[in-house]
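Chains as they are written, first to last, in my numbering: chain F, 120 to 827; chain G, 120 to 827.
No lab work stands behind these hints, which were simulated from the structure alone. One thing to keep in mind: the hints can contain errors.
It does not matter which identical chain is meant; a pair holds if it fits inside one copy or across any two.
Stated by the list, open to error - As a list, the in silico SDA-like pairs of lysine to any residue whose alpha-carbon atoms are at most 20 Å apart:
{"id": "1", "residue 1": "739", "residue 2": "661"}
{"id": "2", "residue 1": "304", "residue 2": "356"}
{"id": "3", "residue 1": "285", "residue 2": "154"}
{"id": "4", "residue 1": "180", "residue 2": "331"}
{"id": "5", "residue 1": "304", "residue 2": "346"}
{"id": "6", "residue 1": "341", "residue 2": "186"}
{"id": "7", "residue 1": "304", "residue 2": "640"}
{"id": "8", "residue 1": "268", "residue 2": "753"}
{"id": "9", "residue 1": "180", "residue 2": "346"}
{"id": "10", "residue 1": "395", "residue 2": "202"}
{"id": "11", "residue 1": "438", "residue 2": "503"}
All figures in this text were calculated on a predicted structure; none of them were measured in a lab.
Given next are the chains, with one letter for each unit.
Protein chains: 2
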Amino acid sequence: MIMKRILFFTLLICLSGATGFAQPTDTLNLLPRPLSTKISAGRFNFTADFNIGINGPESGKFIAAVNRFYLQLGRRVNINFSQEFISAADNDANARLYVTYNKAIAPAIGMDESYSLKVNPDKIIISAATDIGAERALETLYQLISPDKNGFYCPLVEVNDSPRFKWRGLMIDVARHFIPFEVLKRNIDAMAIVKLNVLHLHLSDDEGFRVESKVFPLLQQKGSNGYYYTQDQIRELVGYAHDRGIIVVPEFDLPGHCSSILAAYPYLASYPSDYKPGQRYKLDSIKNLNLGKIMQLISSMPTPTIDPTKESTYTFFDKFIKEMSGLFTDPYFHAGADENNGVAWKQNTDIAAFMQNKGMKNTDELQAYFVKRMYDIAKKYNKRLIGWEEAFNQAIPQDVIVQKWKPSGIGPTLNTGEVVQHGNQVIISAGYYLDLFMPAYIHYQTDPVPADLNQADAAKGILGGEAAQWSELMDGNNEEIRVWPRAAAIAERFWSPANVNDVDDMYRRLWATDFDLNERAINESFAYQKVLSLWVNDVDLGPVRTLADVCTPVKGYKRLMGGMFANGKGRTNPTSPLVNIADMAHSDSETGWYFRQSVAAYLKSHNDADLQAVKYQLQKWQNNKARFDAVSGYAPYPRQISDLSDNLSAAAAIGLQALSGEGNKDNQLKQLQQMVKPLHEVQIAILPGIEALISGTLKPEPASYPMF
Amino acid sequence: MIMKRILFFTLLICLSGATGFAQPTDTLNLLPRPLSTKISAGRFNFTADFNIGINGPESGKFIAAVNRFYLQLGRRVNINFSQEFISAADNDANARLYVTYNKAIAPAIGMDESYSLKVNPDKIIISAATDIGAERALETLYQLISPDKNGFYCPLVEVNDSPRFKWRGLMIDVARHFIPFEVLKRNIDAMAIVKLNVLHLHLSDDEGFRVESKVFPLLQQKGSNGYYYTQDQIRELVGYAHDRGIIVVPEFDLPGHCSSILAAYPYLASYPSDYKPGQRYKLDSIKNLNLGKIMQLISSMPTPTIDPTKESTYTFFDKFIKEMSGLFTDPYFHAGADENNGVAWKQNTDIAAFMQNKGMKNTDELQAYFVKRMYDIAKKYNKRLIGWEEAFNQAIPQDVIVQKWKPSGIGPTLNTGEVVQHGNQVIISAGYYLDLFMPAYIHYQTDPVPADLNQADAAKGILGGEAAQWSELMDGNNEEIRVWPRAAAIAERFWSPANVNDVDDMYRRLWATDFDLNERAINESFAYQKVLSLWVNDVDLGPVRTLADVCTPVKGYKRLMGGMFANGKGRTNPTSPLVNIADMAHSDSETGWYFRQSVAAYLKSHNDADLQAVKYQLQKWQNNKARFDAVSGYAPYPRQISDLSDNLSAAAAIGLQALSGEGNKDNQLKQLQQMVKPLHEVQIAILPGIEALISGTLKPEPASYPMF
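With the rest of the complex left out, here is chain F:
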């Protein structure tokens, strides 16, 4: 993010050290990496006579895209180009950038997104089968723009590219905490940059219903805290996404996860209650229980659930899906179907009788019945039904799309092979849950195709994948910090060949992409600075930033469990402030990554330049305590996390000791071990590097992290 590389480059500048790996232009910054790239010597220089010609059938969205590109390019290279703006009439084949496409299409799963891009010394040529392929090419071209002291240029390359998977999605939960409309638009801009093509919106859950319904207005009136998207906004959003070659898939989570819907229309419920939007588990009293006990309670408690046995239920959802189908014009409808434990159904004698009459052996079969009914309604309105993995059952139709999500290790998960054998297609989200606070490489190393699936089944059955960000611990203010830049690493996994999997190279490109994302799409960097500035009441941001930059939130479900069950009113409520260090810290520490590279370089070379680079950084951290303490009087938060600041300083001091060969190694390691324990729900990311300075060996990053 903006300014994060400062520290590192300041260091390079100060030391004139030759650590080698930090040259920003030593290789291309393309992310996702294209199918094939050939680099030649030389460059295409941007000059005032740069212009664009287009050869292809009329496409309003492509004209808009090329003008966006043109404006952003002019701004980036700071040249007032002579062409005013680009219209369909600008078809000069001699233009410096000449774009040809054969067909203008609407975005759809399976569309042709391929393109070729050739940068010659005096001319750039893009060819694509479709206007959307040409849009993808413009994004690649933008990522090639490089500056040096003389000006901006593109290296000479020939790119041939097309995606590995058809479905490359990002799911955002806008229900638990509402995500403002303009934040969604910024996410769409970012998705386009990294070539994602499906925005999946989780629009309803226990905590809130987030779309205006004119047929059932109580849904937003009683089912939300006043925050929802108007129908005008949805239309604008869908158009905005389509212009960028992205489809929008709405999800309304049923038959469980529906307190907000039942608050509006309680007659849909499986049992009578005073329904209100809010957390479905009110487990304040069990905060001292262990995980097993909590899981047991959760699986045995009735939760707000739609009654699937009444015809009035389907009359309601027929009208509702009809209305939503008019708003969300892409041919998919996601009906949720996850985490229904069936207890509410078992406890209702009418429902039990219904099951008996129909010869259903268990609530799974009743759920399959519900899914089939929803499938029929969706089909009536030309939508293909999608459900989370619990929607799968041998009884469901073959053209239901199944979304795999459950992490391995906590109960049974979907057998992808079985689903594909049954004839259904699968979207993989297991391994891509951004809300687990895992570093990007964990997701990056997860292939969407399960290892045990044969090639033919994979080609037929794996539609693609989706990064998913649930919003118990996310709101409009930190959504961009949570999703980006990690979603870009996952985007590469979905677009690029499986053998593009060098983690260090991915990270190098990820930081460059993050800068671009902040320049052209998202406000991640600003969101972070804003809250850190609040911590110190606009007095010196530096020391709190130095601390927060090397912290990462505890991984897995630990924060969520703490947030839901502790503190009386859980932190995961829609109105809880999310402005602590664990809410702001990135799941990857960029500074931590650069430090790790420094340590690795030093341990390999043992030369003085690399030593000085490591030392410079450690001294800065060691000295940060004094600076941190100096700002601690201006507002209460720094004092609350001063133990963390003290640890950073102490850890750096140990590192410096180790570098100078002082102290007892065992004691040093023991002291360091004390600091690994999370404080304030974060961990210090540089500890493994310091440990390596003591032991002389940098351990590889863990291949996985525990969920709890």
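Once you have looked at the hints, place chain G on chain F.
Leaving out everything else, chain G in the frame of chain F:
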């Protein structure tokens, strides 16, 4: 803005100097300053049991406002309050914050915005006549929130407040460069914070037409480069403004400034031409002319102008105003009427014949006829007509509102007294043109009431004022830098009593308000950092920021004239990049202001702490050259402005010399004088402070600056 105070506080922390004026909480940060404020010892502490009760008639917008306040407050003080959110049913008179209002109203000019606010040790009470008054009170309360190391609190105060003027506007030109929808929303948020109540949108000009018309769709299709607001967006925007007690006034500039309209419907024109949206003066060839000659040419050239003699013109505008009246629901319609030199009319023989038939002596009378016809149409649709000062003529109806804009010193300007005598009301924008790059104090010291107007006429005739920001040199990326925080100083001029006019105290509060604006409303600080990061390709931002922070754009119309007439394709076109230092530099240098305070303190005290504070800053600037040069290789822009960087360093060196009593004073002053000359359209703001270190006397800031 965020991080701008860092430098200064770092300095304080480093030196533990007691310069006295920088304590962030030494007085309240209220801006605009209320009519009356009584402070007592003690404080109201924010704790988890904070809650809100409301007593007043149903008001959806107030419920929304109070929930926005509540969410922002929770986030600011980082407390998870026990109240979930506030509904109309929350009417507990024992709540920690209790709000009473008597009437729910729609925003309107002349509405009752008064309120009282009393902060007791354990309870805050707001009373207002209207829900909008109560909204104003919430903004005041938010500005009272203060932190120290123990927590957040409000000082005990009793505020009684109401505005001096009814009309407190901000005009944004969205025509020349399009300003994105979300940027407008952020401006509305900022306006609400400083209690402005009119958003005036300049929606059409030669360069573009920016609203979707369904009746005349060519207006946006041929009259823009594809960027305009949809009708859905306008409806959303007006609702968004109304929720915040702000009305929206649309302006469509007629009969001149209309190339974009004529590009769509050329039959409306006074002469045939191939009309296209774009600059109306194509004066590339005259770039070497002096100002007088340019002015003479401008006044003698025919420019795109509506034909006011044809009935078809009024048929068109009847339909158009009818359509726009449905979108912009507030009862005002601004028809422009500025800068029509009449040449196009004089040259058309049919128009000349029409004038003769009607016995009109000059084109001013024809313009008055046009204004009267527009007035009649506006009235038909229940809108009151507004026009720029050229709309005034003894023949126009008394209920036309006249907006005064012309700066004194370049030709005749409106005689406000004459207008008021005639019975018309006046909105003052002369003195509040933000696009002139003047520092805030210049606007702040301009009273809306002309000195020669008697009190009775002023009370009757001066409706209020409007800050105005034209967009020849502004786009969506720097709009917030251009408008904020200066518009906040003008907002105080319109709200607070005339005798609230201490410039230093205004600036102190302005910097605090700017922080709040960036936290809750605008992205000004991020917009600035984004472009500076581009200059150095995401390598160390520090040295370019140190330079840009002390630069201010050249004042008056100098940049505009250069931008319109130089460079072949003028920089003021809608697609020109605006990313140079003059586009980014603020019209007030906050760092420069703090330095000036430091110098003043030192010249008064001559003590060592104050000396060290000045020295610390000068050394930083002196050393900045080396840091700046070090980042100059990463992208081309720093090298382009390295002469400016050299000057900053050299000026600081002179200051340090002077402090240590070395060197020849005359030579030093002479050297400094060389640096006053603008480079790259900016000036270095700290030169007067350095001059004072040489001469021993800090000259007062100029009372005015030349326009050209």
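> For residue 341 vs residue 186, is the C-alpha pair at or below 20 Å within one copy, between two copies, both, or neither?
Replying inline: between (43 Å within a copy, 16 Å between copies)
> Should residue 180 paired with residue 331 be assigned to within, between, both, or neither, using CA atoms and 20 Å as the limit?
Replying inline: between (27 Å within a copy, 18 Å between copies)
> When no copy is specified for residue 304 and residue 346, does a C-alpha distance of 20 Å or less occur within a copy, between copies, both, or neither?
Replying inline: both (16 Å within a copy, 16 Å between copies)
> Is it within, between, both, or neither for residue 304 and residue 640, if the alpha carbons may be no more than 20 Å apart?
Replying inline: both (9 Å within a copy, 18 Å between copies)
> Checking residue 438 and residue 503: alpha-carbon separation at most 20 Å within a copy, between copies, both or neither?
Replying inline: Cα proximity of residue 438 and residue 503: one copy only (17 Å, versus 45 Å across).
> Using 20 Å as the alpha-carbon threshold, which applies to residue 395 and residue 202: within, between, both, or neither?
Replying inline: This pair counts as between: shortest inter-copy Cα distance 15 Å, intra-copy 57 Å.
> Quick one: residue 304 to residue 356, C-alpha cut-off 20 Å, is that within a copy, between copies, both, or neither?
Replying inline: both (7 Å within a copy, 17 Å between copies)
>> Cα distance capped at 20 Å. Does residue 268 pair with residue 753 within a copy, between copies, both, or neither?
In response: between (41 Å within a copy, 6 Å between copies)
> How would you label the pair residue 285, residue 154 (within, between, both, or neither) given a Cα cut-off of 20 Å?
Replying inline: Answer is within; shortest intra-copy Cα gap is 15 Å, inter-copy 63 Å.
>> For residue 739 and residue 661, with the copy left unspecified, which applies at a CA distance of at most 20 Å: within, between, both, or neither?
In response: Classified as both: same-chain Cα gap 11 Å, cross-chain 17 Å, threshold 20 Å.
> Taking 20 Å as the upper bound on the Cα-Cα distance, should residue 180 and residue 346 be classified as within, between, both, or neither?
Replying inline: Classified as between: cross-chain Cα gap 13 Å, same-chain 30 Å, threshold 20 Å.
In this structure, every one of the numbered hints holds.
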